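Novice: In case you want the letters, here they are:
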Amino acid sequence: MRLILAFALLASTVAAQQISPPLVSYAQTKVSDSFEIKNVSETAPLTVVSLTAKTFTIDDAGNPAFMDVDPAKISLKLSEQSARISPLGSHEFFIEAKCLQPGPCWFTVNVALAMGRTADGVAVTVVLPHTLYLGHDSIKKKDVGIKFLDDKSFELVNTGTGLDRPYVEMVTATGKRSIGAPLLPFQTRQFTSDAPIQKVKIHFAKFTADAKP
Amino acid sequence: MKSSLKFLAVLSAVLFLAGASFAQAPLTTAATPITLSLVGQETLTVVCTPGTVNFNSAPGTTVPGSAPVSCVSTWNLNPTRTSLTGFSGFALATSALANGTNLIPSSAVSVSYNGGATTPCTGSLTATGTGIGAGAACGANISGNLLSNNFSSTHTDQIAISIAEPNPLPAGTYTGSYLIVYQAL
Chain H
1 MRLILAFALL ASTVAAQQIS PPLVSYAQTK VSDSFEIKNV SETAPLTVVS
51 LTAKTFTIDD AGNPAFMDVD PAKISLKLSE QSARISPLGS HEFFIEAKCL
101 QPGPCWFTVN VALAMGRTAD GVAVTVVLPH TLYLGHDSIK KKDVGIKFLD
151 DKSFELVNTG TGLDRPYVEM VTATGKRSIG APLLPFQTRQ FTSDAPIQKV
201 KIHFAKFTAD AKP
Chain E
1 MKSSLKFLAV LSAVLFLAGA SFAQAPLTTA ATPITLSLVG QETLTVVCTP
51 GTVNFNSAPG TTVPGSAPVS CVSTWNLNPT RTSLTGFSGF ALATSALANG
101 TNLIPSSAVS VSYNGGATTP CTGSLTATGT GIGAGAACGA NISGNLLSNN
151 FSSTHTDQIA ISIAEPNPLP AGTYTGSYLI VYQAL
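As you go down the protein sequences, you meet chains H and E in turn.
If you're matching positions, the first sequence starts at 1 in my numbering and goes up one per residue.
If you're matching positions, the second sequence starts at 1 in my numbering and goes up one per residue.
Treat the hints loosely; a few may be bogus.
Unchecked claim - Estimated spans, in silico, between C-beta atoms of each pair:
1) H:Ser79 / E:Ser70: 32 to 38 Å
2) H:Ser90 / E:Ser107: 35 to 41 Å
3) E:Gly60 / H:Ala27: 56 to 62 Å
4) H:Arg84 / E:Ser152: 40 to 46 Å
5) H:Met67 / E:Ala98: 27 to 33 Å
6) E:His155 / H:Lys147: 31 to 37 Å
To be clear, the hints were calculated from the coordinates, so they are not data collected in a lab.
As the structure is a prediction and not an experimental result, all values here were calculated from the model.
For each residue, glycine too, the CB sits at the ideal point set by N, CA and C.
Could you put together the complete structure from these sequences and hints?
Specialist: Below is the structure:
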């Protein structure tokens, strides 16, 4: 008997997929958006199996949890659900999206890409994201708080209804570490450094906040 | 007559000098700034090889795959981009592999990311949209957030897969589909 866990496709063909852009943000809450899928393989055709939209929450550590889009909160229209892309070809997909409730909204369109059939008849599916944030750059400085938990970690708190993806700089004796993180409405994010933090500087779209332990 | 000649001489001199002056005076328009804009394209590219991983059957033992899967992810993103994380798993926890009638659950499959500890594929991402089913995720993620001080870079993950083969295992060719998902937030 044989156990075969089948992946990409025929052994001589390498599957490669590209999405552009994988992430986009808008200040508006009603947008017409698009993204491109490019088949960077020279020999293998690419089949877009499906497009599915999911919204998400993020825990304090930055781990996402995805869920179905609530049609009462987000209006979403996709131009098409599937496509076939020839080697070295590309295809553009269009999205009409609108936040139906006051304030920002966000979701990910997961693009499932099948690379064809293997000799055993199993297709590989690679999923690439196109994430949208609507109503971005809306956090107010008065709604932002920075609280140190100890000398190596701190919390970034959003007490308001705004949304942003700040760029966080942590300065330590050994250097500087930079990381970005989405900060959703009423959300708290924790950041940890390997070395004691001397200073943090957080760059929001419209202002900068900094703090020291 | 003399005055006319004088007048002509003076006039000629004036015109000569004025002409010379006019010829040397540059005509310069005000500088008009032209704004140049080039928007670099943001991209995410994923290449995973090999295409097939085989297992030599040995019922009742943990059998390793024939080769680790190498996934090369390449990205070019704005510095404000936040996180890029890879996940792997199966669509259904009850059926990671099947021969048409008999199923091998995802709990029998384990992965090791980049030489790390072996993780059974029993996790839940609460993310049905990614295609990885509840109870069928292989660990919380592949190698954490790939974006840290590097918004234009490439990263390679080695994924070693092994299967705790049931004993007895009904005869047949078991096949499955392993999902590799990347999320950008």
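Novice: The structure should be examined with respect to each hint, and the outcome stated for every one.
Specialist: Verification of the hints:
The beta-carbon spacing between serine 79 of chain H and serine 70 of chain E, approximately 34 Å, falls within the hinted interval of 32 to 38 Å. Our hint of 35 to 41 Å for serine 90 of chain H and serine 107 of chain E holds, since their Cβ atoms are close to 39 Å apart. For glycine 60 of chain E paired with alanine 27 of chain H, a C-beta distance near 60 Å keeps the hint of 56 to 62 Å intact. Taking 40 to 46 Å as the suggested C-beta distance range, the pair arginine 84 of chain H and serine 152 of chain E does not conform, at roughly 30 Å.
Roughly 28 Å separates the CB atoms of methionine 67 of chain H and alanine 98 of chain E, a value that falls within the hinted 27 to 33 Å. With their beta carbons about 32 Å apart, histidine 155 of chain E and lysine 147 of chain H fall inside the hinted range of 31 to 37 Å.
The structure fails to meet hint 4 from the earlier list, while all remaining hints are met.
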